[in-house]
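Peer 1: Residues per chain are reported as follows:
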Amino acid sequence: KQEVTQIPAALSVPEGENLVLNCSFTDSAIYNLQWFRQDPGKGLTSLLLIQSSQREQTSGRLNASLDKSSGRSTLYIAASQPGDSATYLCAVRDFGNEKLTFGTGTRLTIIP
Amino acid sequence: GAGVSQSPSNKVTEKGKDVELRCDPISGHTALYWYRQRLGQGLEFLIYFQGNSAPDKSGLPSDRFSAERTGESVSTLTIQRTQQEDSAVYLCASSPRGLFYNEQFFGPGTRLTVL
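Protein chains in written order, with the numbering used here: chain A, 1 to 112; chain B, 113 to 227.
Since the hints were derived computationally from the structure, they do not count as laboratory data. Keep in mind the model is a prediction, meaning the values are calculated, not measured. Every residue gets a Cβ at the ideal spot worked out from N, C-alpha and C, and that includes glycine. It cannot be assumed that every hint is accurate.
Cβ-Cβ distance ranges computed for the label pairs, FRET-style [unchecked claim]:
#1 A:P112 x B:G128: 44 to 52 Å
#2 A:Q81 x B:G115: 22 to 30 Å
#3 A:G16 x B:Q195: 46 to 54 Å
#4 A:I7 x B:P120: 29 to 37 Å
#5 B:E126 x A:S69: 44 to 52 Å
#6 A:Q51 x B:G163: 21 to 29 Å
#7 A:Q54 x B:V124: 37 to 45 Å
#8 A:N63 x B:K169: 36 to 44 Å
#9 A:G41 x B:P173: 19 to 27 Å
Modelling step: build the complete structure from the supplied sequences, incorporating the hints.
Peer 2: Here it is in structure tokens:
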């Protein structure tokens, strides 16, 4: 059974710093991995999707990497801003499975 | 275009009552998913629809939970005889096709509170 872990559960950093969020998964037989942000009381916003054959994806200040063999992904946020404050979730889709398995998230606070 | 929409946004009900939650996927998306997020826990998969295929119900926690989808449009999640442990945010997502490379796009969710 796939298990997804995100550490730390919460992170606070001063505005302007670069930061890395971590995601690990137990079964490397995945189709893809998706990073989301969730704002309080809101749904999920998809940030980046990495296919199993890819090593990384970039969108603006965000860069996500995938090391499938070691079961790890990182989300790098450059030049953090207060608007980046949210909970960040990673989710994996296994081979032969349509559902996403989610981690419990990292709650990020950017301090102005 | 419009994103995934869900209604109601909030629902408060008494224990033992039935509730219906609605999801309108993005137009043209053939795949539709229901998840729930209980307080302090990660999202849990409930059910998946793909076109006219039989749904994957493997995530439904009990027979009190059921879902229907009309063609490739609206879906309704029904919870019968609600219990307090059913309190959660219920999230719907849709995807252009149920293939590995497609992203899932989520709605804002329905917050269900069972008193």
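Peer 1: For each hint, tell me whether it holds in the structure or not.
Peer 2: So, going through the hints one by one against the coordinates:
In this structure the hint that P112 of chain A and G128 of chain B lie 44 to 52 Å apart at CB holds, the actual value being about 47 Å. The hinted window of 22 to 30 Å between Q81 of chain A and G115 of chain B holds, with their beta carbons roughly 24 Å apart. A hinted range of 46 to 54 Å holds for the C-beta pair G16 of chain A and Q195 of chain B, which are about 47 Å apart. The beta-carbon spacing between I7 of chain A and P120 of chain B, approximately 35 Å, falls within the hinted interval of 29 to 37 Å.
Against the hinted window of 44 to 52 Å, the Cβ-Cβ separation of E126 of chain B and S69 of chain A comes to about 51 Å, which satisfies the hint. Between Q51 of chain A and G163 of chain B the CB atoms are about 23 Å apart, so this pair conforms to the stated range of 21 to 29 Å. Checked against the hint of 37 to 45 Å, the C-beta distance between Q54 of chain A and V124 of chain B comes to roughly 44 Å, which is consistent with it. Checking the proposed 36 to 44 Å range against N63 of chain A and K169 of chain B shows it holds: the Cβ atoms sit about 37 Å from each other.
Separated by about 24 Å at the C-beta atoms, G41 of chain A and P173 of chain B satisfy the suggested range of 19 to 27 Å.
Hint compliance for this structure: no hint is broken.
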